[in-house]
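Chains S and X are the protein sequences, given in the same order.
Residue 379 in the working numbering is what sits at position 379 of the first sequence, and the numbering runs on without skipping anything.
Residue 621 in the working numbering is what sits at position 213 of the second sequence, and the numbering runs on without skipping anything.
Because the hints were derived from the structure by calculation, they are not lab data.
Don't take each hint at face value.
[Stated by the list, open to error] Here are the simulated lysine to any residue pairs, SDA-like style, with alpha carbons at most 25 Å apart:
1) X:K516 <-> S:G50
2) X:K483 <-> S:I275
3) X:K540 <-> X:I587
4) S:K7 <-> S:G50
5) X:K540 <-> S:A82
6) S:K7 <-> S:L60
7) S:K62 <-> S:T107
8) X:K483 <-> S:Q3
9) X:K540 <-> S:E286
10) X:K483 <-> S:L301
11) X:K426 <-> S:R190
12) X:K483 <-> S:G276
13) X:K523 <-> S:R277
14) X:K540 <-> S:P88
15) X:K516 <-> S:L301
16) X:K540 <-> S:I275
17) X:K516 <-> S:G276
Each chain, letter by letter, is given below.
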Amino acid sequence: MIQEFKKIWKPYLIGLLWLLGLLWPLLGIHPDGTLSFARTFTVWLYIATGISICAVIYLLNKSDALGPVTAPIGNARKALGAFGKTVPTWVWLLALLVVALIYPQVTNRYAQDVAVNVLIYICLGLGLNIVVGLAGMLDLGYIAFYGVGAYSYALLNTHFGISFWATLPIAALLACIAGCIIGYPTLRMRGDYLAIVTLGFGEIVRIILNNWMSVTNGPNGILGVKAPSIFWPSFAEGFSFELLYLKKLHYLYYIALGLAIITIISVRNLNYSRIGRAWESIREDETAAELMGVNTFLLKLLAYAMGALFAGLAGAFFCARMRFVSPESFTFLESAMVLSMVVLGGMGSIPGIMLGAAALIVLPEVFREFETYRMLAFGLAMIVMMLFRPAGLIPAKRVGTRSEEKEG
Amino acid sequence: MEPILELKDVYSSYGSIKALKGISLKVFPGEIVAIIGANGAGKSTTLMATCGIVPIDKGDILYQGKSISGLMAEKLPIMGLCQVPEGRRIFPRLTVHENLELGAFYRKDRAGIEKDMERVYDLFPVLRDRTKQQGGTLSGGEQQMLAIARALMTRPKVLLMDEPSLGLAPLIVQRIFDIIHDVNESEGMTILLVEQNANLALQAAQRGYVLETGTVTMEDDADKLLHNEEIRKAYLGE
Numbered sequence: 001m002i003q004e005f006k007k008i009w010k011p012y013l014i015g016l017l018w019l020l021g022l023l024w025p026l027l028g029i030h031p032d033g034t035l036s037f038a039r040t041f042t043v044w045l046y047i048a049t050g051i052s053i054c055a056v057i058y059l060l061n062k063s064d065a066l067g068p069v070t071a072p073i074g075n076a077r078k079a080l081g082a083f084g085k086t087v088p089t090w091v092w093l094l095a096l097l098v099v100a101l102i103y104p105q106v107t108n109r110y111a112q113d114v115a116v117n118v119l120i121y122i123c124l125g126l127g128l129n130i131v132v133g134l135a136g137m138l139d140l141g142y143i144a145f146y147g148v149g150a151y152s153y154a155l156l157n158t159h160f161g162i163s164f165w166a167t168l169p170i171a172a173l174l175a176c177i178a179g180c181i182i183g184y185p186t187l188r189m190r191g192d193y194l195a196i197v198t199l200g201f202g203e204i205v206r207i208i209l210n211n212w213m214s215v216t217n218g219p220n221g222i223l224g225v226k227a228p229s230i231f232w233p234s235f236a237e238g239f240s241f242e243l244l245y246l247k248k249l250h251y252l253y254y255i256a257l258g259l260a261i262i263t264i265i266s267v268r269n270l271n272y273s274r275i276g277r278a279w280e281s282i283r284e285d286e287t288a289a290e291l292m293g294v295n296t297f298l299l300k301l302l303a304y305a306m307g308a309l310f311a312g313l314a315g316a317f318f319c320a321r322m323r324f325v326s327p328e329s330f331t332f333l334e335s336a337m338v339l340s341m342v343v344l345g346g347m348g349s350i351p352g353i354m355l356g357a358a359a360l361i362v363l364p365e366v367f368r369e370f371e372t373y374r375m376l377a378f379g380l381a382m383i384v385m386m387l388f389r390p391a392g393l394i395p396a397k398r399v400g401t402r403s404e405e406k407e408g
Numbered sequence: 409m410e411p412i413l414e415l416k417d418v419y420s421s422y423g424s425i426k427a428l429k430g431i432s433l434k435v436f437p438g439e440i441v442a443i444i445g446a447n448g449a450g451k452s453t454t455l456m457a458t459c460g461i462v463p464i465d466k467g468d469i470l471y472q473g474k475s476i477s478g479l480m481a482e483k484l485p486i487m488g489l490c491q492v493p494e495g496r497r498i499f500p501r502l503t504v505h506e507n508l509e510l511g512a513f514y515r516k517d518r519a520g521i522e523k524d525m526e527r528v529y530d531l532f533p534v535l536r537d538r539t540k541q542q543g544g545t546l547s548g549g550e551q552q553m554l555a556i557a558r559a560l561m562t563r564p565k566v567l568l569m570d571e572p573s574l575g576l577a578p579l580i581v582q583r584i585f586d587i588i589h590d591v592n593e594s595e596g597m598t599i600l601l602v603e604q605n606a607n608l609a610l611q612a613a614q615r616g617y618v619l620e621t622g623t624v625t626m627e628d629d630a631d632k633l634l635h636n637e638e639i640r641k642a643y644l645g646e
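So that you can see chain S by itself, here it is in the shape it has in the complex:
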């Protein structure tokens, strides 16, 4: 214990002082020009005490002084893991589905709202996973297709009164076409260059939405989009079907759940298909894939189109849920968020991305108590997650360590 402490006390103290240096400008300098120190020191003391306790526990654990406590926990974990393996996968999936189905019955509006968000982002993350995780193309403008889907529904609904269900395939198709239009000229590029070009295209779409006043109503957005509707049998005056708008949040939750399940199943099937294999070969080595007879250009375009398709579906739903769209929802930050979900969850891993989406949506909500420091805590949580699980929360089984990681 003492030995371990000797090794780390210097960087530890420097770290604490550095934190103080970072905190003071944030807390101690006030807009009216006055300076204060008391608040900084109290906050700093809280953090320092917390971290010191963590450090002591960490050191104790490292020097095996905590053996009597950790050993039973470790055993329990092992036993739990063994138990988990004996239950077949479909039981887990069924349990998850049941939980998802009864979720809105036992939760309040706020929790449902967060859950709907998570489901939308699961669709987006899995769609982007096709492009980034499988085909290996870094796409920084992915949210543009989400925007295309959302605006497709908004415009078709407000101008022509086309219903949500009829628009879903149209929105998906339009997003697909947008994917091909953007993909065709950009896919000749590889790696970093592709990332920059997709970033540019993403911005182009947003700026068009922002400035094309006559069609998109610019930054004011489009109001009065109808919620999804269904025909519900009504027995009021004899038997007839009544048009029912699904405005209640828990109806929307079920639609989102349906979309997410469709996305999960399709992406899973794509992942294990011949096409998925070909995508992976392109990710691994494009030239070699070409030499083996893989039509790289067409398949890359297909990856783009498929990714865009799921974004389009999610976008149409997003618009139907908000009953309003504006270009603000499709900024680069959103693209970055979706990409973070994919990377954080584990590229190419479907459960990983689901968990990543949940983490990135739920964490900022959890940190609401920190008020203005919410995003600071969120960023810190992301750093910690990536430090401890660099390959993602649930790394994909098929995708092992990357070559650059192995060398390190």
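With the hints as your guide, set chain X onto chain S.
Using the frame of chain S, we list chain X on its own:
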């Protein structure tokens, strides 16, 4: 006899740098042809141009009497022309089995693929023990074997091989050349071999071409090249 593969006065360049300045060569069915030459002579570019990866500026490439220059690279394996690229270039994060399946990507005949899979596993027993292992975790020699096996899965009529001996232990190199010989002998597969190790290549081949700065400076039977004074001085280190 008609050549199965013929390059006619092929020019190619990377930007302003001329890599090939009029390469002409013929490969006849069933033979092993070696291309030797120093670094930067244009050996790999010749193969990459043949496979349609590097575009050619001038000249023509004929395969079975038909021009293939300007065809998309991915069309060639279907026609029976496949390359084992330099530096192996296997798919590192896919398993050995998946690598081999990708070799048979364009093929639809399940039974034939199964049969060929067995055949390459017989040729390279090491791979059979490692079917579930990721390609990137194999040793250099095993990766080279995987690259050759993957190419064989396309059922090539002409196999282009770029530096199969690169960075491998002499014993492994010998094994690989035995297998090259074997495939050529038992199945009559035509092989165009690019090598820096001139001695080895000329011993394996029936005919050879010597490349220097993008042009063919000599072509002859491999035996004669092997005993040529100049060649011995320039490429065999004597």
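Each hint, compared with the structure:
no.: 1; hint: X:K516 <-> S:G50; result: 62 Å, violated
no.: 2; hint: X:K483 <-> S:I275; result: 17 Å, holds
no.: 3; hint: X:K540 <-> X:I587; result: 23 Å, holds
no.: 4; hint: S:K7 <-> S:G50; result: 20 Å, holds
no.: 5; hint: X:K540 <-> S:A82; result: 24 Å, holds
no.: 6; hint: S:K7 <-> S:L60; result: 14 Å, holds
no.: 7; hint: S:K62 <-> S:T107; result: 41 Å, violated
no.: 8; hint: X:K483 <-> S:Q3; result: 65 Å, violated
no.: 9; hint: X:K540 <-> S:E286; result: 22 Å, holds
no.: 10; hint: X:K483 <-> S:L301; result: 18 Å, holds
no.: 11; hint: X:K426 <-> S:R190; result: 24 Å, holds
no.: 12; hint: X:K483 <-> S:G276; result: 20 Å, holds
no.: 13; hint: X:K523 <-> S:R277; result: 21 Å, holds
no.: 14; hint: X:K540 <-> S:P88; result: 23 Å, holds
no.: 15; hint: X:K516 <-> S:L301; result: 23 Å, holds
no.: 16; hint: X:K540 <-> S:I275; result: 20 Å, holds
no.: 17; hint: X:K516 <-> S:G276; result: 16 Å, holds
In the structure shown, a violation is registered for the earlier hints numbered 1, 7, 8, in ascending order.
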